[in-house]
Structure formats: structure tokens, C-alpha cells
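Residue numbers (this note's numbering), protein chains in the order written: chain A, 1 to 323; chain B, 1001 to 1286; chain C, 2001 to 2339.
These are calculated hints, taken from the structure and not from any lab test. Please note that a few of the clues may not be correct.
[Claimed, not checked] Beta-carbon label-pair distances, calculated as ranges:
id, chain 1, residue 1, chain 2, residue 2, range
1, A, Asp-127, C, Leu-2158, 35 to 41 angstroms
2, B, Gln-1109, C, Gln-2146, 23 to 29 angstroms
3, B, Arg-1206, C, Ala-2139, 37 to 43 angstroms
[What the hints assert, rightly or not] Listed next, the in silico BS3-like pairs over lysine-lysine satisfying Cα-Cα at most 30 angstroms (straight line):
id, chain 1, residue 1, chain 2, residue 2
4, C, Lys-2029, A, Lys-218
5, A, Lys-92, A, Lys-110
6, A, Lys-110, A, Lys-90
7, A, Lys-218, A, Lys-179
8, C, Lys-2029, A, Lys-110
We put the CB at the ideal spot given by N, CA and C, even for glycine.
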Amino acid sequence: MLRWLRSIAIGSAGLAAVVGALLYATPLAAQSSAAPLETTDETGRHVAIPQPVRRIVSLAPSITETLYALGAQDRLVGVTDYSDYPPEAKQKPNIGGSINPNLEQLVALKPDLVVATRALNRRETVDALARLGFAVYATDERTVEGVLVSTERLADVIGAHERGAELVAGLRERLAELKRALEGRAPRRVLFVVWHDPLISIGRETFLADALRWAGAKSVINSSQDWPRLSLEEVVRLQPEYLVFADSHAEQGALNFEALRERPGWRNLDAVRGRRIAIISDAVNRPCPRLVDAIEQLARQLHPEAFPQKSENGKQECASCAR
Amino acid sequence: MISSVAQQGAADTARRGSAEIALSVEQASYAYSASARQAPTFTLEATSFHARQREIVAILGPNASGKSTLLRLVAGTLAPLSGRVQLDGFEISRLDTRTRAQRVAMVQQESPLIFPVRAWEYVLQGRHPYGRTLRFETDEDCGIAMNALAQVGAEHLRDRCMDKISGGEKQRVILARALAQQPLLLLLDEPTLHLDIGAQVDLLERLRHLAEENRYMVAVVTHELNLAAEFADRVVLLHRGKCLRVGSAAEVYQQELLEQVFEAPLAVEQTASGRPRVVVRGKNTQ
Amino acid sequence: MRPVTLRRVLWTCSALAAVLLVVVVLALKLGAVPISVTDLALSLGRVAIGRSDQLPSEYSVIVFGLRWPRIVLGILVGAALSVAGTGFQALLRNPLADPYVLGVSSGAALGAIISLIASPQFPLVTPLAAFLGAALTIAAVYLLGQREGQLDSGTLLLAGIISASFLSAVIMFLMTTLAGRDLRGMAFWLMGDLSTPLPAGLRWIFLAGLLGAVAAIYTTAADLNLLIAGEREALHLGVDVTRVKLVVYISASVLTGLAVSVSGAIGYVGLLVPHVMRLLFGSDHRLLIPTAALGGAIAVVLADTLARTIVAPTELPVGAMTAMAGAPFFIYLLRRNLP
Chain A
1 MLRWLRSIAI GSAGLAAVVG ALLYATPLAA QSSAAPLETT DETGRHVAIP QPVRRIVSLA
61 PSITETLYAL GAQDRLVGVT DYSDYPPEAK QKPNIGGSIN PNLEQLVALK PDLVVATRAL
121 NRRETVDALA RLGFAVYATD ERTVEGVLVS TERLADVIGA HERGAELVAG LRERLAELKR
181 ALEGRAPRRV LFVVWHDPLI SIGRETFLAD ALRWAGAKSV INSSQDWPRL SLEEVVRLQP
241 EYLVFADSHA EQGALNFEAL RERPGWRNLD AVRGRRIAII SDAVNRPCPR LVDAIEQLAR
301 QLHPEAFPQK SENGKQECAS CAR
Chain B
1001 MISSVAQQGA ADTARRGSAE IALSVEQASY AYSASARQAP TFTLEATSFH ARQREIVAIL
1061 GPNASGKSTL LRLVAGTLAP LSGRVQLDGF EISRLDTRTR AQRVAMVQQE SPLIFPVRAW
1121 EYVLQGRHPY GRTLRFETDE DCGIAMNALA QVGAEHLRDR CMDKISGGEK QRVILARALA
1181 QQPLLLLLDE PTLHLDIGAQ VDLLERLRHL AEENRYMVAV VTHELNLAAE FADRVVLLHR
1241 GKCLRVGSAA EVYQQELLEQ VFEAPLAVEQ TASGRPRVVV RGKNTQ
Chain C
2001 MRPVTLRRVL WTCSALAAVL LVVVVLALKL GAVPISVTDL ALSLGRVAIG RSDQLPSEYS
2061 VIVFGLRWPR IVLGILVGAA LSVAGTGFQA LLRNPLADPY VLGVSSGAAL GAIISLIASP
2121 QFPLVTPLAA FLGAALTIAA VYLLGQREGQ LDSGTLLLAG IISASFLSAV IMFLMTTLAG
2181 RDLRGMAFWL MGDLSTPLPA GLRWIFLAGL LGAVAAIYTT AADLNLLIAG EREALHLGVD
2241 VTRVKLVVYI SASVLTGLAV SVSGAIGYVG LLVPHVMRLL FGSDHRLLIP TAALGGAIAV
2301 VLADTLARTI VAPTELPVGA MTAMAGAPFF IYLLRRNLP
């Protein structure tokens, strides 16, 4: 009897091992469709995108926004946390954070295309999805122009070429106009405050730094790190002309600023004493079409004399948002 | 390696039954900090003594006299700097650990146990030198272990945890483990240290009985002068690394010698059994 | 008197293997996306008879593409960490010894980070670099842990703790000063992450290393029983103490290095599982080592399943789960067994 049981135990263990080996080695069923679109994404990866693209999952809030701007929201089947613009995006199925999306839920959504961005998503996520046979297109926006090109390319990839071209042309025109208005004016020296405690600003290779340049500003910080942590003394030494904050509500920004003025160290900044602050929409934090709005907003606050006929407060215009 | 072990094992079996096996320590010395450049400071200077089967040798001396060093030389964990320490003609320190454990068993104060161990498990460890690499104990091993427990009168402690029994009982179990090794030579390091007088006497009597019955050679390190006198066939007296005298208790226990070694006012008397007894000389006697 | 016999080892292991099987089935079934047991059984059946193309695509991807690799990795990593922990505890005669106390995980993490910085385009290099980091740390701690030419337990523990602190500081330094872009994933990996399966080339190396190291430790099982009683005693009982220590230390370190290099720092497994197994089955290493391996596999797979279902869709790191569940459980066990 005992020998019997032992045999059964060993037998089932062996069977489990065999099944396990099979499963481990099983290739997964590929998604078949019409001839896929072969392309290279912005991180140099080769991607084969099934056509037509009917179901899209976005792995970053900026991607979600861009997709809405391209009119592709009906094809958007899944988003990650903080996909809050436009507000309708909050109704879309959520699969978790950008850094750690739940792959099971993503898979269950059966997307034709997953769009990621190098700025926010992990390489491991992209690799895992590629391994499972999904088409993952990754963007990598480093400059403002890069954002525009990225938008165009994404439009091509999802089959919204005309809309994309139209959108980007409009944005390019606005930027050109901005450039004309600011011609000959010296850029303001600014400190872009990502967070005040600890004090974090932006590095020179971020698209934010480029956005500042377009707005007629220049970051006083010249760091190769993307999000350098600074000491207040360093900033006092540099004495930026303006402090720039990003915030969705201008009023809330002003409130925080009052509290900030009282703090030691901040008082020593000319910009603080002279109340030379600029508050712009936090669209500036996202590499998507709305970025241009934020740039225009900042340009107006830093160089008011260049735009005599426009209104002065920080209300954002959302020319590129779908309604 | 394997064939020499087999050879030794065969020679072993042949010898055990018949001729006399001896422990011979000849001019053995040791120094802990020996370097090539300077002359070493000796922890133990040239010492010699012999022991035969069924004999109990007591290694006596005050603290720091080199007793522990001598014991470790005999146990084979130290190799002598000069001289020889041989058991049955084989240099003990050159034997491989397994063979050595089959011939020499040590009873010493044990390190504190971290995980609970039962007495029978503990004694069964004594069979380790006889097993292959990945072995499980056989019935024969269990029999030998139980027998060892019986020989020390600790069968009833078999299922008790080692950390729950008294000092004297623990000492007996440790002895049982040594017996389970079926050695030729039994070494004991201050076995009476934490025992009351009753347990001390009990232990030494058993020792003598076991030595007689199983033909062990026994070497005991102690500083209990009177117990040594009562139970030892031979005494090795050490003082500051030097071996001052080897002989029977009567020969070694001389008043001037003892007073010099132990630095205390002592007197030697004779008991009814003919063995010497050492007493403290009071202020009033001379 | 009941000494451990081969039969008892096989029986206990079979029982634990059965528990593991149940846990695996549970883990395949549970997750952010609900899959019924019938669907699961049908899927497994189809694969077993070679008809994998008939599976509904999203189920096959979820169960076999996502969950199954995690489970396999969890089994291997859990077994590796538990056996390593058992080895270290016997070696150092200290029930609190653990692969992480000895700084090995920090070394592995540092290796991984350096490889990510130096060559981010070759993700295959990372596990190798992590293993190298672990190996170098082991060598350094081993050398530092010597006293008078001998491996000394207390000095070893100290050397390990100091190495762990130093290496963690270096890691922090690198992560704050260098561009954070591609190292974002590091923070996750450092907390334990089973979601990245082994690159195909490393699979067999990993398996071979794991089995080899466990086998090596198992050959010293009987010696370890004696070593625990004390090194002097073990020496007098015929144990080649130096050789045993070396074998165990190297094998346990190999196991830790392998585990950490693929799954990051999953803590408490090497500490708790051997302890639980000891409480259940006794301290004899001939039984303890295989049961610890199986117990570790069960623990990690359970922890991982919990980690990805408790607050779905968010996935908690496995290391956080083992810590949260492990610590209170340990306290409970301690209290229950106090005299």
C-alpha cells in the first residue's frame, strides 16, 4: 500500500514536471491579421503593427492626451493612472500605473497596439509585452519639435494621417508666430520649480528645457540629470529673474507661493521679493500637443510687452483639445 | 585515501582484540606563536608519557600549565612542533578527521546548543565517523547508541532535551556519545567541573569500569588532586608548560613538588586504600 | 527513538510537493483577470495533448505567458533562497543568519545597476552582472570574515553587515547622481520582482547552478547536524570542518546570487522558511534542506499570488509581501514555542 502511494506521488511529480516543461516551452498563439505595418519606433525598436489598428492601449497620460487630440479616442480601450485630460479619459478602463501596469488586464483588453513613452515607462514592461507578441510602439520626445514629430508619426502609425498633419501644422504655425513675437528679446533667466521641498528643477536634456527656450526663457540650471536636486544656496547664488511653477489652478499656485515666501532662503531670492513668478498650466509637464498652450502662456507672462493685445491672466487656451 | 582508510580499518579490527595498543607521547612540544625568525615561546615543552589499554592517565596542573595544549596534542587537533604523539604507531595529528574520530573520542564542555536536541539524537551523532557521505543511521547504529546510553546509566534520559537535564546527567550523555564512537582512546577535559561531589565520584567510577570492560585508554585533564589520586593509574604533572613528573600518584604527590606547582600550603597524607591524599596545611600546623 | 530515514524524507517531500501543486494551481487561477477553474483545466488539457492553437488567445497569454513564468521563477527563487538561508544558519550557528545579512543581495543589486548604466541596450547582461556582483561580495566578505586564518562566525556576520551597508550606500549614490531615466525600474526590481522571466540563454545555466548548489549543500547535511552543536565537537566527531564550511558558504552564496540576479531582493524567505520547517520537521538537515526548498517555493508563489491580487490592478512588490506576512508570522511562531 505504501509503495503504491509512493509510486503515485513520484508519478504525478514527474507528470507535473513534463507538463511544466511543455508549458514553459510553448510558443504563444500569434495575433493574425492583414499585412502588418513594419516600422521603427522612436527608441529604435522594430515593430510590426497589425492593420487596421482598432484597439489601442496607452501607457502614459501624455499618450492618452495625444490620442484624444488625434481624434482616436473611440479606439482607445485602456489607459494608465493620471490619464485625466481630457476629463472623459477618466472613464476609460484603467490598468494601473505607468511604471507598473497590470499586464494581465492589459492582455485581457486585446489591444492591436500598445503605445508607450520612454520618459515614463519601463523597458521591462515594453519587453514583456513584446515577448507576449504585442505590438508596442514607444515614443521618445526630447524637444518641443520632437513632440510635434512624435505626434505626426503616431498619427501615421494609427492611421490618422490627415488629422495628425492638420494638428501639427496648426501647432507649428503658432510656434512660428511666437518666435516672431519674441524676436530680438533677450531670454529671461528662470528657475523651473518642479517641486519646492526638496528643491527639484529640470535638466538641460528634457523637453521642458526646450519648452522654456521656445517661451523666451532660459533655465539657470545646466545639469545632465533629468531632475536635479538643488540646494537653495545654489539658487540664491544664481539669482534667476523669474520662478516658474506649473499648476492646474493659478489661484492655488498663488496660495502656495505666499507660504513659500515666508520660508528661510527663499526670501533671499530677488524673484521672490519682486514677486516675479510665472504660473502655467501643468500641460507643460506632458509631451503632448497641449504643451504649446503652456509655452504661449509662459511667453506672455515673461514678455508681456510682446503681446499687447492679448489677455494677461494664466487661463489656458485649449485649441488642440477634442471636445 | 579510501584504500588507506580501509586498510586502517582492517588493521584496526585485527588489533583491537589481541595485542596491546598504546598511546605514546614522546618529547612532544608545542608553541602557539612560532615564527621562523625568532625562537618560539613554548606553551608546552618536551613532554613524554605512555598509556596502555585499561589505564586512566590524569593530566594535572594549575591553570595555564599547558594541560589543554597537551590534551589537544593527544586529540590530534594540534600537531606537535617537535616530538611524537602516536596511537598504536600512527601519528594522531596526521590521521584524517574521520579515521581519527573512530579512534579518539573527546568529552568536553560543550558549546551552548542553539536548536533543541534530544539525548538519543545527541548520542547518535557519535556514529557519524562511521557513515558514508549521505547516510541515514542504520538499526545497528541505533543499537550501539542505546547501548552507550545504557553503559552510562542514562537510558531513562533518552527522550529528554539536552537543555532540560541536569549537569551531571548531561555529562553522562556526552560520555555516551563518546562511547558510541567506539574509540580506542577516551579524552576528557575537566569533566568534573560543574558537578557536585556525588556526580563527580559517579562519573569517575563509571569511567574506571568502562576502561576496564571496553579496554579503553583514558586521559583526563583535571585539577582535582584527590579525585585524580583515587582513580588514576598514572599522573602527569605539568607546571608552566613543563612536565615535572610522570608516575603513579604516590610517586608524583610529593609535598615540596606540589607546593611549588600549586603555590599553596599543602600536605600529603595516605588514605586507607593506600592512595595519597592532599590536604591544605592550616596556619597552625607545620 | 526516531532517526531520520530516507523513507521519511521522501514521504515528507511528497506531501509538500502536493501542497506546492495545489498552490501552483491556485496561482494559475487567481489574478487581476478572473479565470475559472474549468477554463484552466481545459487549457492545460489542450496544451498537454498538443492542441495549443485551439486556446482562446487571451487566456493562453495570461495563463501561460504571464502567470506560468512567474510561478516557475517563484518556485526556483523560493527554493534557492530557503536552502541558502538554511546553509547560512548552520554555518554561522545563528538562527538569524540570512543571505541579506551577509550583504550578498546588495552586491548583486550593485552589479545589476552597473550593468544597466554601462550597457542599457543589452538587458541580457544584467543577470550575469548581478551574479558577478554577488560572487565578488561573497569573496570579499569571506576574506574579511577570517580571524587568525579561520572563518569566524561573529566576524563573518559583522563583515556581511558592513558590506551590505557600504554597497547599499554605493547603490544610493549611483541612483541619485546618474540619469534616472532607465533606472526607474531599479527601484521596483530592488523590492523583488518576479515578472521578468529569465532570458532564454540563461535558463539552463540557472537551473544547473541551482540544482548543483543544492546538491552540494545536501552532501554536507549530516555534517551540518554536527556543526550546529559546535565546531570543536564536530571536528572531534570526524567532520572536515574547513571543507564543509567552504562548500556551504560557496553554495549558499551561489544560490543567493542566482536568485537575486533574476528577481531582485525578496527578503525573509531565507530567514523564515528554514525556521518554520525546523519547527515542523526538526533540525536534521537531511530532512530540513529538501523541505526548506519546497517550503520556500510554496512561500514565494503564495506571496507573489497575494501580491498581485490583493489590490488589483496594482501589483505590490513580492518583497513587500514577504516582509508584511513574514514578520508577524514569525513572532507568532516564536511565542507559541516558548516554554
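Query raised in the report: Checking against the hints above, which ones are violated?
Result: 3 and 4
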